[in-house]
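Peer 1: One letter stands for each residue in the lines below.
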Amino acid sequence: MEHLTDFQLMEYLSGDAGLLRRFLCRRHLRRCPKCAEQAKALQDELEAQRSLGAELKSVQKLAKEADKTMTMPKAPVFSKDN
Amino acid sequence: MLSGVGQNDPDAWQRFYDRYKLMVYARGRRYGMDAADIDDLLSRVMSKCFVREEGRANPLLSYDKSKGRFRDYFCRIVSNEAVTMLRERQRRREVPAENPEGQEMDFADTREEAMMQKEYRLCLLHEAFEAVKKEASPRQLQAFMAARMDGVSPKKIARLQNVSLATVYNDIAAIVESLRQKIVFLEKE
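Order-wise, the sequence lines are chains A and B.
One point on numbering: in the numbering used here, the residue at position 5 of the first sequence is 5, and numbering is uninterrupted.
One point on numbering: in the numbering used here, the residue at position 168 of the second sequence is 168, and numbering is uninterrupted.
Zero decoy hints are in this set.
For lysine-lysine, the following DSBU-like pairs were computed, each having C-alpha atoms within a straight-line distance of at most 35 Å:
| hint | chain 1 | residue 1 | chain 2 | residue 2 |
| --- | --- | --- | --- | --- |
| 1 | B | K65 | B | K188 |
| 2 | B | K65 | A | K61 |
| 3 | A | K57 | B | K134 |
| 4 | A | K61 | B | K156 |
| 5 | B | K134 | A | K40 |
| 6 | B | K155 | A | K64 |
| 7 | A | K68 | B | K188 |
| 8 | B | K134 | B | K48 |
| 9 | B | K188 | B | K133 |
| 10 | B | K188 | A | K40 |
| 11 | B | K65 | B | K134 |
| 12 | A | K64 | B | K182 |
| 13 | A | K68 | B | K156 |
| 14 | A | K64 | B | K156 |
| 15 | A | K57 | B | K133 |
| 16 | A | K57 | B | K156 |
| 17 | A | K68 | B | K65 |
| 18 | A | K61 | A | K40 |
Calculated directly from the structure, the hints in this document are not laboratory data.
As the structure is a computational prediction, the values presented were derived from the model and not from experiment.
Sequences and hints are given; from them, build the entire structure.
Peer 2: Dropping the structure here:
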C-alpha cells in the first residue's frame, strides 16, 4: 500500500483537499496505522501553530496598546546627573 | 543583553525596554491601572532594577546572578511594585472596593506564578516575532500571518499569492521554525 505524503495529509487536515481527495484520504487513514500516526503528529503540529498564531495576535495587540500608552524611560545607566 | 545594559550600550537598553515593557504593561492592565499609573509602575520597576553606587556616575543592575534567573527577579519586582501601588491607592481609597485584584494578591501563589510566566512568554514571543519579521521574506510572513493569525485557508493564500499550495505550507512552516528557534535563543540569553 502506498503511503500518503505529508503534503496530502496537510491538505486533508487543513481542509484544503477537494471532496474526492478527502474521501480517499479518510479511507486510507482508516486502513493504514502508519499514516494515521503521521496524521496525528501533523494535526498536533497544526494545532500548535494555530495556538502560536492566536498568541501572537494577542501579543501584537498588547504591544500596540503599550506603545501608545508607555513612554520609554531614560536609561538609568546613561543619566550621569541622576 | 544584561551585560550590555550594564555597559552603557544604548541598543541593549532599547532591547531591555522592548522585552520587558510588555510585562509591565500586561501587569498594569491586569490590575486595572490607567496609562499614568502604568508609566509610574514602569519608573518604580526601573528604579528597583538599578542601584546607585558611591563614586559611580552610572547606576548598576541590582540583579544578583546567584539568586536565579533575571526574568524571575524582574517578574517579582513588577509584582511587588504593582501590589504596592495598589495598596497605596487602596489606603487613599482610590481603588474601588469591588476590585478583586486589589483585595487579594499573593505573588507566592501558583496562580500568580503562572500568570508571570505567561506574561514573560508574551514578551519573548513579541521579541521573537519582531526579529523574524526583519529576516523573513514578505511572502512567507504574509502566508504565516494570514493562515495562522487571521485564519485564512492556505488554499486561498496560494491563489492570492499565485504560488502552489505546497509553497504556502512550506512558507508557514519556515516562519514557525524561525520563531521557535528565536524563542529558544532568547530563552537562553
